[in-house]
Amino acid sequence: MEIGKRDPVTGKTTTGHEWNGIEELDTPVPRVVLFFLFVTILFSVVYWVLMPAWPLGVTYTKGLLGFDDRQVVASAVSDATLERAAWTDKVASMDFPAIQADEGLMRSVRETGRTLFADNCAVCHGVDAKGGPGFPDLTAKAWLWGGSPEQITQTIEFGINSGHPDTRVSQMMAFGRDGVLDRKQINDVVAYVRSLSGAEAATGDNAGRIEAGREVFAANCVACHGDTGKGNVEVGAPDLTDAKWIYGSDTQSVFNTVYGGRQGHMPHWKDRLTPIDVKVLALYVQSLDGAAK
Amino acid sequence: MPNFHRKLERSAIGFVLAIIVVASIGGFVEIAPLFTIDETVEKAPDMRVYTPLELAGRNIYLREGCYACHSQMIRTLRDEVERYGPYSLAVESQYDHPMLWGSKRTGPDLARVGGKYSDAWQVAHLRNPRDVVPVSVMPAYRWLEDNTLKTEDLGDHLLAMRRVGVPYTQAMIDNAPADAYGQATPDTDRAAGVSERYGEATNIRAFDGDPSRVTEMDALVAYLQILGKLTDVATAPAVAAKE
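As they're listed, the protein sequences go chains S and E. So in this note's numbering, the last spot in the first sequence is 293, and the numbers never skip. So in this note's numbering, the last spot in the second sequence is 243, and the numbers never skip.
Heads up, some of the hints might be wrong.
Taking CB as the label site, the calculated pair distances span [claimed, not checked]: (1) S:Thr13 <-> E:Ala18: 36 to 42 Å; (2) S:Ser44 <-> E:Glu200: 50 to 56 Å; (3) E:Ala18 <-> S:Gly11: 29 to 35 Å; (4) S:Asp95 <-> E:Arg142: 19 to 25 Å.
Hint data in this document are derived by calculation from the structure and do not stem from the laboratory. Virtual Cβ for every residue (Gly too), placed ideally from N, Cα, C.
Could you put together the complete structure from these sequences and hints?
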């Protein structure tokens with residue numbers, strides 16, 4: 001057994017290892033494997049020269065190409081902004097009625113608005129903007145704070161009960177929990193409120209309750225919801241005479257609302273979205289009820 | 001070259017030394033930057049620490065394995081910056097031990113989710129994600145609302161964080177259980193201590209909608225609502241540039 005002994009069958013040399021008479025051939029690594037090994041080594045050397053690679057104390061080798069992820073993303077974002085500038089500049093400079101009158105511009109607004117809405121608003125208001133329990137339906141035209149683009153812009157920018165200094169503030173008192181009304185009064189006023197939208201008819205027993213509820217309503221609710229229950233966009237009080245309910249229209253849900261009060265919360269978006277994004281969203285949201293018809 | 005290698009691999013000590021030399025190059029590249037981390041990472045002098053309630057929420061986030069589906073790092077890519085906000089900076093995770101950057105997203109990135117949605121939404125979503133996002137595949141976490149938060153050991157958690165460099169004061173550590181309780185019960189006198197020790201900007205409210213008790217839901221929502229809000233070092237320049 002010696003190194004370099006030639007195997008009589010294949011004609012190749014052996015490694016000198018032998019197990020029970022079986023010897024290992026010293027087959028060299030195939031050239032193609034070696035070729036790719038050297039190519040990868042060469043690639044890494046070139047990469048070190050061109051790209052950021054080695055740490056050097058408080059800095060690093062920057063590479064000849066001057067590649068920097070942060071600059072790449074900054075320029076990608078500014079390129080995209082420039083690309084959109086063709087129509088976003090118009091959105092920024094024109095007022096709402098002028099934009100709404102421009103069908104081509106509104107098409108861009110709706111396209112971009114859909115993406116912005118999906119990224120930011122859809123988790124609460126739904127992809128179709130129809131809302132859900134506790135989250136208002138934006139297609140219903142039952143605007144709590146007004147449905148003009150200016151009013152929607154303010155709602156988006158500053159939110160509702162959002163903690164922003166300029167937030168819209170609205171709170172319905174907990175009439176039951178705080179002991180303002182007793183159980184009978186709440187039941188009466190619930191019957192009256194439901195009768196406003198025709199959910200409850202004034203027949204038999206109900207007629208008395210609704211009548212009693214009218215007085216409770218006049219004494220406690222009109223300050224925000226108005227004499228006729230039509231609501232007030234100044235304080236975000238919903239219209240009780242329409243068929244749109246944020247927290248449910250059945251007796252139990254309305255009872256819960258009167259008993260425990262309600263305080264909706266919409267975050268403020270001024271710090272998160274650019275002014276153009278907000279404007280696009282306001283126009284998009286405002287156009288939704290048109291699209292839903 | 002092959003002959004050199006043939007000789008080397010036949011010398012046991014020489015080959016071991018060669019392996020150590022080559023392997024330590026990889027180690028050097030990864031470890032050396034850590035020694036200069038004080039000079040190379042951005043500064044965020046306004047950054048505040050997690051309150052005890054938020055730290056408890058973070059522990060629940062770890063316990064429930066949220067990081068397996070949610071990353072907390074916005075990468076330097078245009079689509080991520082446009083969807084989630086400015087890319088994450090290293091300094092933003094300086095009080096995260098361990099960091100929760102993650103690498104897998106079944107759900108969206110959460111690095112800047114703080115303040116993006118209301119508490120009521122977060123609670124409804126954790127109770128049953130399908131209630132608010134019909135296509136969601138996230139599991140429901142209903143028990144968080146039922147479990148009363150364990151607060152008595154939070155001082156020890158703060159102490160452990162201080163040992164690894166988070167600047168908690170002795171007063172914060174001593175008052176940790178009371179502060180955790182106070183942050184979720186705005187009407188009690190313990191709430192005042194929270195804003196005194198952690199700053200006026202601290203969220204103090206009944207995160208789960210029930211001010212009478214402090215649950216794990218309170219803690220987790222408090223944590224989610226602070227993500228990306230400990231410092232505005234990343235948002236301030238980017239917003240200025242975008243406008």
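Quick rundown of the hints versus the structure:
1. In this structure, Thr13 (chain S) and Ala18 (chain E) break the distance hint of 36 to 42 Å, their C-beta atoms being roughly 25 Å apart.
2. The supplied range of 50 to 56 Å is met by Ser44 (chain S) and Glu200 (chain E), whose beta-carbon atoms lie about 53 Å from each other.
3. Hint check: Ala18 (chain E) to Gly11 (chain S), Cβ distance near 33 Å, so the stated range 29 to 35 Å holds.
4. The supplied range of 19 to 25 Å is broken by Asp95 (chain S) and Arg142 (chain E), whose beta-carbon atoms lie about 48 Å from each other.
Checked against the numbered hints given earlier, the structure breaks hints 1, 4 and satisfies all the rest.
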